[in-house]
Structures are given as C-alpha cells and as structure tokens.
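Participant: These are the residues of each chain, in order.
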Amino acid sequence: MTIYAKGVVFEGVDFDNPNHWRLEEYVKRGGYAALKKILNEKITQDEVIAEVKTSSLRGRGGAGFPTGLKWSFMPRNFPGQKYLVCNTDEGEPGTFKDLDIIVSNPHALIEGMIIGGYAMGITVGYNYIHGEVFEAYERFEEALEEARKAGFLGDNILGTDFCFQLHAHHGYGAYICGEETALLESLEGKKGQPRFKPPFPASFGLYGKPTTINNTETFASVPYIIREGGQKFLELGKPNNGGTKLFSVSGHVNRPGNYEIPLGTPFADLLEMCGGMRGGKKLKAVIPGGSSAPVLPAEIMMQCTMDYDSIAKAGSMLGSGAVIVMDETVCMVSALERLSYFYHEESCGQCTPCREGTGWLYRIVHRIAHGEGRPEDLELLASIGDNIAGRTICALGDAAVFPVRGMLKHFRSEFEYMIEHKKSQFAALS
Amino acid sequence: MLSQESLAQIDRELAKYPADQRRSAIMGALRIAQTEKRYLTNELIEFVASYVRIPPVAAYEVATFYNMYDRKPVGKYKLTVCTNLPCALSGGYTTADYLKQKLGIGFGETTADGKFTLAEGECMGACGYAPVMLVNNHSMCNHMTPDAIDKKLAELE
Chain A
0 MTIYAKGVVF EGVDFDNPNH WRLEEYVKRG GYAALKKILN EKITQDEVIA EVKTSSLRGR
60 GGAGFPTGLK WSFMPRNFPG QKYLVCNTDE GEPGTFKDLD IIVSNPHALI EGMIIGGYAM
120 GITVGYNYIH GEVFEAYERF EEALEEARKA GFLGDNILGT DFCFQLHAHH GYGAYICGEE
180 TALLESLEGK KGQPRFKPPF PASFGLYGKP TTINNTETFA SVPYIIREGG QKFLELGKPN
240 NGGTKLFSVS GHVNRPGNYE IPLGTPFADL LEMCGGMRGG KKLKAVIPGG SSAPVLPAEI
300 MMQCTMDYDS IAKAGSMLGS GAVIVMDETV CMVSALERLS YFYHEESCGQ CTPCREGTGW
360 LYRIVHRIAH GEGRPEDLEL LASIGDNIAG RTICALGDAA VFPVRGMLKH FRSEFEYMIE
420 HKKSQFAALS
Chain B
0 MLSQESLAQI DRELAKYPAD QRRSAIMGAL RIAQTEKRYL TNELIEFVAS YVRIPPVAAY
60 EVATFYNMYD RKPVGKYKLT VCTNLPCALS GGYTTADYLK QKLGIGFGET TADGKFTLAE
120 GECMGACGYA PVMLVNNHSM CNHMTPDAID KKLAELE
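Listed in order, the protein sequences are those of chains A and B.
Following numbering that gives the first Met the number 0, the numbering of the first sequence begins with 0 at its first residue and continues without gaps.
Following numbering that gives the first Met the number 0, the numbering of the second sequence begins with 0 at its first residue and continues without gaps.
If you are wondering where the hints come from, they were derived from the structure by calculation, not from laboratory data.
Treat the numbers as computed from the prediction; the structure is a model and nothing was measured.
You may find that some hints are simply not true.
Between beta-carbon pairs, the in silico distance windows are [unchecked claim]: (1) A:Thr159 <-> B:Ala18: 23 to 33 Å; (2) B:His137 <-> A:Gln80: 24 to 34 Å; (3) B:Thr34 <-> A:Pro74: 34 to 44 Å; (4) A:Gln80 <-> B:Lys99: 43 to 53 Å; (5) A:Phe195 <-> B:Thr144: 44 to 54 Å; (6) A:Gln164 <-> B:Tyr38: 55 to 65 Å; (7) B:Gly113 <-> A:Gln164: 42 to 52 Å.
In silico BS3-like links for lysine-lysine, alpha-carbon gap of 25 Å or less [as the list claims (entries may be wrong)]: (8) B:Lys77 <-> B:Lys36; (9) A:Lys36 <-> A:Lys189; (10) B:Lys114 <-> A:Lys190; (11) B:Lys99 <-> A:Lys190; (12) B:Lys77 <-> B:Lys114; (13) B:Lys150 <-> B:Lys75; (14) B:Lys150 <-> B:Lys77; (15) B:Lys75 <-> B:Lys99; (16) B:Lys36 <-> A:Lys190; (17) A:Lys422 <-> A:Lys408; (18) A:Lys189 <-> B:Lys36; (19) A:Lys52 <-> A:Lys280; (20) B:Lys101 <-> B:Lys75; (21) A:Lys148 <-> A:Lys41; (22) B:Lys15 <-> A:Lys189; (23) B:Lys151 <-> B:Lys77; (24) A:Lys189 <-> A:Lys280; (25) A:Lys208 <-> B:Lys15; (26) A:Lys190 <-> B:Lys15; (27) A:Lys189 <-> B:Lys75; (28) A:Lys148 <-> B:Lys15; (29) A:Lys35 <-> A:Lys52; (30) B:Lys150 <-> B:Lys101.
We put the CB at the ideal spot given by N, CA and C, even for glycine.
Construct the entire structure; sequences and hints are all you get.
Facilitator: As structure tokens, then:
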C-alpha cells in the first residue's frame, strides 16, 4: 500500500526507517516543539483555541465540524473532572487513515491531545481504538509509554503545573461505536448504543462529565497548527477548508493507499497519483467519503475538487475522506447489496426504524440482485428510506439510506434492468 | 480460572479508569480472558465480571454486543475474512471462496480437527491492504490472494 505524505500529519516521516514512529525520531523532525512552545512561552488557552480557529481545521472523522469552535464549547471552568476523547474507532468501510497515523506517527496524535487538554483545561484523556486493528492498539500503548517516560505525559509536564494523563481503550467489533455517544457508552464498559442529544458531550459526556471528542487526524493536525501558525495551515487548503487531508483510496486503482494532499485538490489529480485505474479500465463511479456517502458517477466526480464544499455541492459528502473507486465492470446492485448488508448487520438495534428498516432495505436489494426483484421494489426502497432517515437517535439510519438514495438517483436504470431481465448486465462482486 | 499473567493484565486495564468506574475495564478484561481461553463460556464471563466487580449481566451484555467476542468454541486459528465492498473490489469473495474450498468449511464452521474456524468479517479499517484477513482477532494479514493464503496456512501449525 502507498502512503503519500505531503501534508501536515505525516510531515517529515521517513517510512523506510523502521523506527520512524518512535518518540526519538518524532522529536528529531520537530515533534513536541509545539507543546514546548506553549508551555515555555506561556501561551494562553484562549490563544491556542484562537489559533485552531484561524486554521479553519474541520473535524476529520466525517462531520467536518470546525474544531476550534468545538473546543470553545468546553466549559473550561467546570468544577470537576472533564475528559478529552479521541475517536480512532475507524470502521467506516473504505477508511483506513487513522490506522496509519497510530502506526506511523502516534506521537503527533499524543501531542495534539496534550495540547487539546491544555487548551480546554482537561487532565484526563482516552483514545478509543478500533478492535480489529489490535496490533496498532499495542503500538499506540508503546508510544504512550515512551511519552510518559520522556515527561510529556503525566504530572507536571516539562516541569510546569500542567498535568495530563492519556490512556488507550479498544473496541471489539462494533461499527456503531464510531458514533461519538455510542463510543462514550462503550468506554464506560457498556453496549455501544448511542445516546439522545442534547445533552451534547460538551456538557454530559464520559461518566456524565463535560467531554470533547475529536477524530485522530484532527488531533494529529494540531501540533503543526501551533508550530507553524493557523494561517499557514489554512493556506495549505482553501478558504473554509483549511489544511491538507488524508484520503484513503481503495477499490479499482493501481496504487490504493493513504494520500495526504491539500483540500481542494481536483479528484482527477488524486486519481492520477493513485496510478490511474487498475487494468486501464474506465471509471464508473466513486463513493467519495466512506460507504455512507452517496455514490457519484464518473462524469460528476471528475469535475469535483476534494474538499467539504465541492463534494457537498455535487450531492454527496467528503465524510472521512474514504474514496472507493469502481470501474466499468462493477454491478451497482451487487455493490449496494453488500453495503446494505453491512448496515443491517451493524445496526445497534435500539431504534425500530433502523433495526427493522435496514433489514428490509437489505432483503429487497438482495432479491433484486438475485433476479427476484419486483417492479414496485424501487418505490418501496425509497419509501422505507424516508421512514428511516431522520427518525432515529443517531446517524446510522441515515448512513444506511444515503447509499440507497445515491444508487437509485444515478444508477436507477441498472436496477430497472435487473428487475425486468432477472439478471445483471455486469458481473457480481468477486 | 485465569492465569496470574492474565489477571495482571486485567489489573493494568483497571488502572486506566477512575476507581469508581471499574466497569470501563470490562472490554479489555473479556478480551484478555478470551485470548487465554480461546472463547468465553458463561462461567468465564461470570468470573471476569466478579473480578472486575460488576454484575454478571453487565459483562454478558458486552460479550454479546461486540462481535469479536466468541461465545462458542472456535478452532485453534479463527480466520476472519473481510468481504465488505472495498475488499470485494479487490478479490475479497475470491479469498473467502478459496478458504472455504481449501478448508472444506463454510462461514461460522470449524474444521473437524479443530484447527480452523472461518468467519465473515465486516470492515476492519485496512481497505488499502485489501483483501484482508484477521487471525485470532488480533493479527492482521494483508493482500490475501490465494497464494498468500497458502503461505499463511502453512505457517499456522
């Protein structure tokens, strides 16, 4: 797999050096300089948050919420424990960027979290890591131990009165825990079932205490912003879409991998960096932001730039930056069938529209894919979708519906063909 | 019921959380127990619950909610293959079919000699390395083409 590192998160990482992830190497490439700068120059909490706001950093987990604004919601003077949580529960099909961060540059995340803790007056943090990448969890534990020994974590950091403890927690196979309140439940040792919002985690989070949750890549971008300035970060991307971003490219390209490029880069350029289409085949469609993002056909995608605003304008979402590329041979009914199965399998079961509706969606797409579709099925899919989306506690219901809507919008004729002829024009997934 | 080493590992999990929030350690504790005993019986879940000092039902609901906890006997090597869309675009189903044919079992089954269990997995967050397979929940194997599977199976004694 390729890691194309021309951005802030992997800045200076020499992937050929087997020790590149270690603290010593991180410090050599300017690591922990941002933390030292804050503590030595006594930069205030407000100044740190202002710098993050200037950078226009937006949440890299999927929602794209402005990070500086989120940090300013934390009631800093709350009398009692507050928590900082990192969401490394990366399970959105197509997404594998945070895995490479905790494996290849874990200290950037650790430093980002320490700075976040300082800015919001928080002394305890947890990083919740996807259970399936257990070896990466062990790597992160080792990096934490290095940071503790070096005095960057723990009590009286670098001889000041600032204290911050950070621990790793792992999931064990539940997509839903990527949803932030489900993640908090799971961190409390419960089933990962999302909570009603409000109250939001900023007022009622982990153990009922004020909590800020950010994505791995978001935290890992923070040291650069403090070291180089928010303005410089902003200028790497485009207005309202500051910085560089990791794109996880999978599917039918010659070089799948993580590509850290400026927000606003044309999709056509990204495809070229990936070595173009595998086998020289023609691009058919792209899911631009993880499996929950509506699919876009090639002709629309080739006009898009890779940033929150451009992809939203095209009718999809940048999400986590997971780009699933499909060539002309892919049967879209078969592709949707697999995704619909996933949401049905992963629904936590708490809300009836999602628990039952995702099963209905899957069974209908399944029967179409197996030559048993009925003429009324496409209207039925749309109607079930309308009865799930917006009617559940969390966004998993919406996430199950968006791929269905996207497919029916752009590739309806394939579904109609299959219902009429009882077979696809294309081969099923293999 | 568990070795001293496993108990020491559970103690380290407990130390991560506030003293009045021992329940948080249950996910790690069940994982440690499963790693030692291969799968979780109700007795083992109850033992772990009592060690963490939470009601058995609280541990049981965690063991049943998260799909990497095994509550039925599994083979010496549990092979979980991802067939989600990104893996399927790179041969995930070919990998799964090859394993089924080679081991003579389907998803959710164990070979007669008790050596291998085959499972279908959901996205493991490593799509750039597709197709991917997990061995015993913790060891990720990348680019699992039929050749790579032959090699891997030969390594697993």
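Participant: Against this structure, judge whether each hint is valid.
Facilitator: To see whether the hints hold, each was checked on the structure:
Hint check: threonine 159 (chain A) to alanine 18 (chain B), Cβ distance near 26 Å, so the stated range 23 to 33 Å holds. Between histidine 137 (chain B) and glutamine 80 (chain A) the CB atoms are about 32 Å apart, so this pair conforms to the stated range of 24 to 34 Å. About 40 Å separates the C-beta atoms of threonine 34 (chain B) and proline 74 (chain A), a value consistent with the hinted range of 34 to 44 Å. One distance hint, 43 to 53 Å for the beta-carbon pair glutamine 80 (chain A) and lysine 99 (chain B), holds here, with the actual separation near 50 Å.
Our hint of 44 to 54 Å for phenylalanine 195 (chain A) and threonine 144 (chain B) holds, since their Cβ atoms are close to 46 Å apart. In this structure the hint that glutamine 164 (chain A) and tyrosine 38 (chain B) lie 55 to 65 Å apart at CB is violated, the actual value being about 34 Å. For glycine 113 (chain B) paired with glutamine 164 (chain A), a C-beta distance near 43 Å keeps the hint of 42 to 52 Å intact. Under the criterion of a C-alpha separation no larger than 25 Å, the hint pairing lysine 77 (chain B) with lysine 36 (chain B) is consistent with the structure, at around 13 Å.
For the suggested pair lysine 36 (chain A) and lysine 189 (chain A), the alpha carbons sit about 39 Å apart, so the restraint of at most 25 Å is broken. A C-alpha spacing of about 31 Å is found between lysine 114 (chain B) and lysine 190 (chain A), which places the hinted pair above 25 Å, so the restraint is violated. Using a Cα cut-off of 25 Å, the hinted pair lysine 99 (chain B) and lysine 190 (chain A) is violated, with the two alpha carbons roughly 32 Å apart. Between lysine 77 (chain B) and lysine 114 (chain B) the alpha-carbon distance is near 8 Å, which keeps this suggested pair within the 25 Å criterion.
With a C-alpha separation of about 17 Å, the suggested pair lysine 150 (chain B) and lysine 75 (chain B) falls inside the 25 Å cut-off, and the hint holds. About 16 Å separates the Cα atoms of lysine 150 (chain B) and lysine 77 (chain B), which keeps this hinted pair within 25 Å; it holds. Distance restraint check for lysine 75 (chain B) and lysine 99 (chain B): the Cα-Cα separation of roughly 17 Å lies within the 25 Å cut-off, and the hinted pair is therefore satisfied. Taking the CA atoms of lysine 36 (chain B) and lysine 190 (chain A), the gap is about 23 Å. The hint holds against a cut of 25 Å.
Restraint check for lysine 422 (chain A) and lysine 408 (chain A): the C-alpha separation of about 20 Å stays at or below 25 Å, so the hint holds. Taking the CA atoms of lysine 189 (chain A) and lysine 36 (chain B), the gap is about 22 Å. The hint holds against a cut of 25 Å. For the given pair, lysine 52 (chain A) sits about 43 Å from lysine 280 (chain A) by alpha-carbon distance, which is inconsistent with the 25 Å threshold. Of the pairs offered as hints, the one joining lysine 101 (chain B) and lysine 75 (chain B) holds, with about 17 Å between alpha carbons and a cut-off of 25 Å not exceeded.
Restraint check: the Cα-Cα separation between lysine 148 (chain A) and lysine 41 (chain A) comes to about 23 Å, which is no more than 25 Å; the hinted pair holds. A C-alpha spacing of about 16 Å is found between lysine 15 (chain B) and lysine 189 (chain A), which places the hinted pair at or below 25 Å, so the restraint holds. This hinted pair checks out: lysine 151 (chain B) and lysine 77 (chain B) have alpha carbons roughly 13 Å apart, not beyond 25 Å. Our distance criterion of 25 Å between C-alpha atoms is broken by lysine 189 (chain A) and lysine 280 (chain A), whose separation comes to about 47 Å.
Proximity of lysine 208 (chain A) to lysine 15 (chain B) is assessed by CA-CA distance (about 17 Å); at most 25 Å being required, the pair is judged to hold. For the suggested pair lysine 190 (chain A) and lysine 15 (chain B), the alpha carbons sit about 19 Å apart, so the restraint of at most 25 Å is met. A distance of roughly 29 Å separates the Cα atoms of lysine 189 (chain A) and lysine 75 (chain B); the hinted pair therefore is violated under the 25 Å criterion. Under the criterion of a C-alpha separation no larger than 25 Å, the hint pairing lysine 148 (chain A) with lysine 15 (chain B) is consistent with the structure, at around 17 Å.
At most 25 Å may separate the alpha-carbon atoms for a hinted pair to count; lysine 35 (chain A) and lysine 52 (chain A) meet this at roughly 20 Å. For the given pair, lysine 150 (chain B) sits about 13 Å from lysine 101 (chain B) by alpha-carbon distance, which is consistent with the 25 Å threshold.
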